[in-house]
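From first to last, the protein sequence lines stand for chains Y and X. Residues in the first sequence are numbered consecutively from 280, following the numbering used here. Residues in the second sequence are numbered consecutively from 280, following the numbering used here.
Rather than coming from a laboratory, the hints here were simulated on the basis of the structure. Some hints could be false.
Remember, identical chains collapse to one label, so a pair may be satisfied in a single copy or spanning two.
Pairs of lysine-lysine, DSBU-like flavour, derived with a Cα cap of 30 Å [what the hints assert, rightly or not]:
hint, residue 1, residue 2
1, Lys501, Lys357
2, Lys501, Lys281
3, Lys281, Lys478
4, Lys281, Lys515
5, Lys556, Lys478
6, Lys357, Lys281
7, Lys281, Lys556
8, Lys556, Lys357
There are 2 protein chains.
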Amino acid sequence: MKVLIAGLGLIGGSLALALRDRGLAQEILGVERNEEHAAEALRLGLADRIVPFDEGVTEAGLIVLATPVDTIPLLAVKALNRVNARQVVMDVGSIKGELCEVISMHANRGRFVAAHPMWGTEYSGPQAARRGAFAGRSVVLCEPERSDDDALRCVEGIFRALEAPIVRMDPEEHDLHAAYVSHISHITSFALANTVLEKEREERHIFDLAGGGFESTVRLAKSSAATWVPIFLRNKFNVLDVLREHIHQLQLLRRMIERDDSEGLAEAIRRANTIQKIIR
Amino acid sequence: MKVLIAGLGLIGGSLALALRDRGLAQEILGVERNEEHAAEALRLGLADRIVPFDEGVTEAGLIVLATPVDTIPLLAVKALNRVNARQVVMDVGSIKGELCEVISMHANRGRFVAAHPMWGTEYSGPQAARRGAFAGRSVVLCEPERSDDDALRCVEGIFRALEAPIVRMDPEEHDLHAAYVSHISHITSFALANTVLEKEREERHIFDLAGGGFESTVRLAKSSAATWVPIFLRNKFNVLDVLREHIHQLQLLRRMIERDDSEGLAEAIRRANTIQKIIR
């Protein structure tokens with residue numbers, strides 16, 4: 280199969296490596312506006328050629344949209360405008376509500392499969408692409424019943440080959456849960472990094488004392504603005520909802536510390552501890 | 280050297296393993312009130328014998344206090360009351376101000392070395408003890424000038440053998456920076472776990488979607504109340520100070536999202552990104 284990947288960054292690049300490693304792509308065409316990234320993607324073997332989007336859409340059997348989420352709905356429409364009844368278009372973006380709404384009445388809606396693989400790191404750009412990504416991580420498919428059977432089979436086959444368990448969700452449901460579980464973690468981490476940078480003026484101390492758990496909570500704060508600003512703004516209402524709750528939870532802890540309420544604190548911590556039953 | 284370790288949990292137990300592996304302890308005596316933990320510590324080889332505190336203090340050349348921080352100052356005084364001029368007492372606790380003040384006028388102050396190795400995990404109890412802990416992580420020594428030369432040499436020798444770089448700090452300075460860098464990470468993580476548990480009623484969704492960075496920010500939420508409630512309360516003013524700033528940073532992000540202020544968000548994220556220059 281000839282595959283076009285628009286956006287050869289963390290997700291698009293890792294998917295390129297995975298498709299090649301599993302023998303699922305004979306040729307990979309890449310779309311990459313940033314010239315440095317384009318050169319790097321070629322050097323890293325993420326794509327065989329860099330092509331203009333329209334040209335790639337005409338050539339490829341599978342078109343993957345892996346650009347920032349604010350650009351995906353329009354690219355989806357442009358791709359669907361050009362595909363024939365055997366080509367498949369999928370995205371790998373973190374937001375699904377707007378996308379699914381935009382393409383809902385498109386004459387070629389059936390050729391589209393909305394996918395969100397729940398894998399990522401704090402790095403971005405072609406050099407962030409990793410072998411073996413996606414394995415063991417869920418991939419969410421939204422409105423699979425609106426995709427043509429063969430298009431859905433193609434995408435499901437890919438994620439099965441990548442050993443990513445498939446989960447089905449409504450787009451609205453997806454965006455809500457993604458805000459609750461994934462997006463809030465990034466906001467917390469950005470805020471924590473800025474808190475420490477604000478309070479701790481001596482970088483040496485951050486470095487010396489960081490062993491106490493700081494790295495893991497602040498890891499996501501290395502994530503790029505280009506990826507995350509569109510996610511926060513396109514998922515605004517869900518993100519604000521969970522952010523309000525998070526600030527509330529911090530205020531609860533703050534009041535308990537102010538009042539030396541050791542029993543209340545212990546109870547809140549024991550409740551937080553129950554998260555270990557859910558995640559490993 | 281015969282070593283007494285009071286508290287054979289994550290830190291005390293890992294230190295026991297390290298001392299044995301490096302041949303620094305010929306015999307390890309343990310103090311452990313919890314009977315299950317005592318049995319487990321023996322089974323895991325963290326101690327050769329479990330003894331009452333007073334008895335262990337009389338026997339050991341080095342006495343290590345590795346109990347929750349609210350119990351350390353009193354244990355320090357009790358140990359110093361009993362040691363002779365060749366014995367050394369050290370602690371490995373996360374709070375130093377109160378401890379150093381309590382022992383400041385003790386006739387045997389010189390026998391004490393206040394140490395805080397900047398290593399930990401989210402687990403607790405003897406089964407949390409890890410081989411190779413401490414290596415490459417800083418250890419903070421507080422008021423080393425108030426320790427006798429030989430006592431300081433003994434403790435410095437241990438951490439050098441463990442490959443933990445030694446950093447010196449005032450107790451107040453230590454508590455402030457520990458709040459900024461370590462304690463706030465735990466509060467954030469507890470609050471995040473409770474936020475998600477509050478908003479996300481379907482555990483299945485947390486599990487499916489957790490790939491998006493959630494595990495790393497919430498990892499510390501598995502940490503025990505027995506360890507952390509005393510830390511938050513004993514370091515109350517510093518913890519509240521940094522917690523106020525953290526809530527403020529979250530509110531800034533919230534307002535920018537509310538106003539669709541993409542430039543402000545991008546700037547805040549780029550500022551948070553600078554943390555990667557400081558931590559690896």
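Here's how the hints hold up against the structure:
For a Cα distance limit of 30 Å, the shortest separation of Lys501 from Lys357 qualifies neither inside one copy, at 32 Å, nor across copies, at 46 Å. In this assembly of identical chains, Lys501 and Lys281 lie within 30 Å of each other by CA distance neither inside one copy nor across copies; the values are 34 Å within and 46 Å between. In this homomeric assembly, Lys281 and Lys478 never come within 30 Å of each other (Cα to Cα): the closest approach is 52 Å inside a single copy and 42 Å across copies. In this homomeric assembly, Lys281 and Lys515 never come within 30 Å of each other (Cα to Cα): the closest approach is 36 Å inside a single copy and 60 Å across copies.
Proximity of Lys556 to Lys478 under the C-alpha cut-off of 30 Å is restricted to the inter-copy arrangement: shortest distance 17 Å between copies versus 34 Å within a copy. Taking identical chains as interchangeable, the C-alpha atoms of Lys357 and Lys281 lie at most 30 Å apart only when both belong to the same chain, with a minimum of 19 Å there against 75 Å between chains. Neither within a single protomer nor between protomers do Lys281 and Lys556 lie at most 30 Å apart by alpha-carbon distance, with minima of 43 Å and 40 Å respectively. For the homomeric pair Lys556 and Lys357, neither the shortest alpha-carbon distance inside one copy (44 Å) nor that between copies (40 Å) is at most 30 Å.
Against the hints set out earlier in the document, violations occur for numbers 1, 2, 3, 4, 7, 8.
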